[in-house]
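Each chain, letter by letter, is given below.
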Amino acid sequence: MISLRLKTIPPKYWLIIWVVATTLLLVLIGFFVLDPIWKTYGIHVPGEPNTKVDFTYPVDGIFYIRNAENGYRWSTKAPTSIWFHPVISWLIGIMPRTIPANWRYYLIGLVSAPLALYCVYRYAQNVLEINLNPKFIPFAILIPGGLNMAAGNAESPSLLFNTLIILSVLERFPIPISVLIGTIAILIKPNALYMLAPLAIYGVYDLLDKDYKNALRSLFIALGILITWGGWILYVDYMSGQIGAYWKAREIATVPLYAGFITLIYRMVETIALGNVGEILKYATAFLILLTDLWLVLLVPFRSEKDRLTSISGLIMLLLISFATSNPNKIFVYAMTLPSHLLIGWVILQSGFQSLLKQNSLSKSHNYLAITAFWVYILVSIGMVIFFVVGTPLGWYI
Amino acid sequence: MNKKQTSDFVLGIAGNLVASLVIMLANILFGRFVPNAPREVLDVASLVLPLLFFFMFLYKDRIGKIQFNPRLWISRIRKLITQAQQTEQVKQFFQSFIDSVCRFVSQLLDIGHQTKNWVNYLERAIKPSVIIVTIITVFLIIGCGVSIRWLFERKITTAAPPIYNSYQQIYDFLAPQNDTP
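Line by line, the protein sequences give chains B and C.
297 is the number that our numbering gives to position 297 of the first sequence; each next residue is one higher, with no gaps.
21 is the number that our numbering gives to position 21 of the second sequence; each next residue is one higher, with no gaps.
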């Protein structure tokens, strides 16, 4: 009876149903898994010994909240204030004050998550040769870093707007709206910079195809991101009364290039040899996630090679920024701000399941490849889930 | 999975990965156990060996067809010794030897003429994306090998910045002003 009723639901509603189901799952995991576990640690939020960590504001969430409540402290002596871009704090500020600030922060992440999942699914429909079954959307939780969506976070809004940037090119949004999306994306987090490389690739391909209007769209979005970023940097400098204040505040997270351009790799090796468990896992997971994505993206059936290249370029931007700062800071959750990271996970999981259930028409060797990729991905993902649950309050990946 | 562009180039990259891992291990072992060995050779090999693997993969069909059968050669020599005159034996032996070498060389040279494999491969596998991913993978692995060697040799004398237990330590240090409102 139930199955008959389910069959009458039109296919287009399944996407909404699975997105909503994923959101409910995220809420349940937040309340009944992350919160009790993290409370057992008894750890305080950074800088405030009397405020204990809970799932609504782990890691650096407190800084967005304090910026919203107390305003920015415009000085390089308060780097943990001026590090953070303003949109999340603005949103916390305009929400009803009857809701505690940490819950407002959590709600921003929670509302962004389903919207982001919907947009990434739409992106997948645009670029994939195969149909992605919406029932794989809840598996976003298993994808490395995906569990972050169950806690208060700024990565979900960042993922939403980064995906919208790509969608605005693929689906040809009006140029002013596309630029606005880019502007908001960079004011949420600097992670919007990852989108510059995909925009450049789409722009060049459109230029070669003589689709000048779309090439111009990519260019305008990229310029919008860069100009807004530049504007924010100047504003921070102006308000702090010091030229270069934006960068000076970030120096603490930047390690000098003492081993040339392979400093980051050298640091990883050094850390694995001499560091503690948290540091070892931070470096190992950062590289593992990037390499897994880079390898698996070659197996994803994109409609066009330019879509594969844009996915790779986003991952390379993530890698390059880490190399530039010689710090694998938060790669683990920052990968979640790339729409292709989710897409790769969904495709590998779907292909693997189909091969295991023999529901596809692939040759024997392709089936073998799909199953191998699937099990490798499952193993990495389970490891990453454990890493996230155990390591987040301990600051293992920040 | 994509039917058009999968297993072939994945195997190609797998070859490179194996080569890079071998070099990485060699780099580490040389650095650890042979302190005065010319390790620069290994750094050059870091570039050449992965490419060699890639080349072997490109021509795998042709390489597979090369006949390298020493037993056949020995049986020919034995036949010569037992059946022909001594001077004739030497003459025939050299002729047979030269023929075999010529055949082997021509088979090796034939590899270069195997354009079909190239075209096939170029069409199916060698895409910019594959090349980029290969380069990054090889770079990271070789980088690890070189770094491990440096670590053993303590080549880097600049003081490393402190490794914090977590950034929470830095946050606590930097954010005492985060007073609860």
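These aren't lab readings, by the way, just hints derived from the structure by calculation.
Note that this is a predicted model, so its numbers are computed, not measured.
Hints are supplied without guarantee of correctness; some may be wrong.
Calculated Cβ distances over 12 Å to all of chain B for the following chain C residues [as the list claims (entries may be wrong)]:
| id | residue |
| --- | --- |
| 1 | Q95 |
| 2 | F139 |
| 3 | L140 |
| 4 | R149 |
In silico contact screen, one side only, chain B against chain C (beta carbon under 7 Å); selected entries [what the hints assert, rightly or not]:
| id | residue |
| --- | --- |
| 5 | I262 |
| 6 | I272 |
| 7 | A273 |
| 8 | L309 |
Where chain C lies over chain B, by a calculated footprint (3+ residues, C-beta under 8 Å) [to be verified]:
| id | segment |
| --- | --- |
| 9 | 21 to 30 |
| 10 | 141 to 153 |
Each residue gets a CB set at the ideal place from its N, CA and C atoms; glycine is no exception.
Going down the list of hints, with the structure as the test:
1. Against chain B, the non-interface label of C/Q95 holds: every CB pair exceeds 12 Å, the least being about 45 Å.
2. A beta-carbon of chain B is positioned within 12 Å of the beta-carbon of C/F139; the least distance is around 8 Å.
3. Look at C/L140: its CB is around 7 Å from the nearest CB on chain B, not clear of 12 Å, so calling it non-interface is violated.
4. Not every beta carbon of chain B lies more than 12 Å from that of C/R149, the smallest distance being close to 9 Å; the non-interface claim is violated.
5. Interface hint status for B/I262: upheld, as the beta-carbon distance to the closest one in chain C is roughly 5 Å, under 7 Å.
6. Contact between B/I272 and chain C, as hinted, is not supported at the beta carbon level, the nearest pair being about 9 Å apart and thus beyond 7 Å.
7. Because the closest C-beta pair between B/A273 and chain C is about 6 Å apart, less than 7 Å, the hint holds.
8. Given the 7 Å rule on beta carbons, the hint for B/L309 holds: about 5 Å separates it from the nearest Cβ of chain C.
9. Under a criterion of three residues with beta carbons nearer than 8 Å to beta carbons of chain C, the stated coverage of the segment 21 to 30 of chain B fails, only 0 such residues being counted.
10. Counting residues of the segment 141 to 153 of chain B whose beta-carbon sits less than 8 Å from any beta-carbon of chain C gives 0, not enough to reach three: the coverage restraint is violated.
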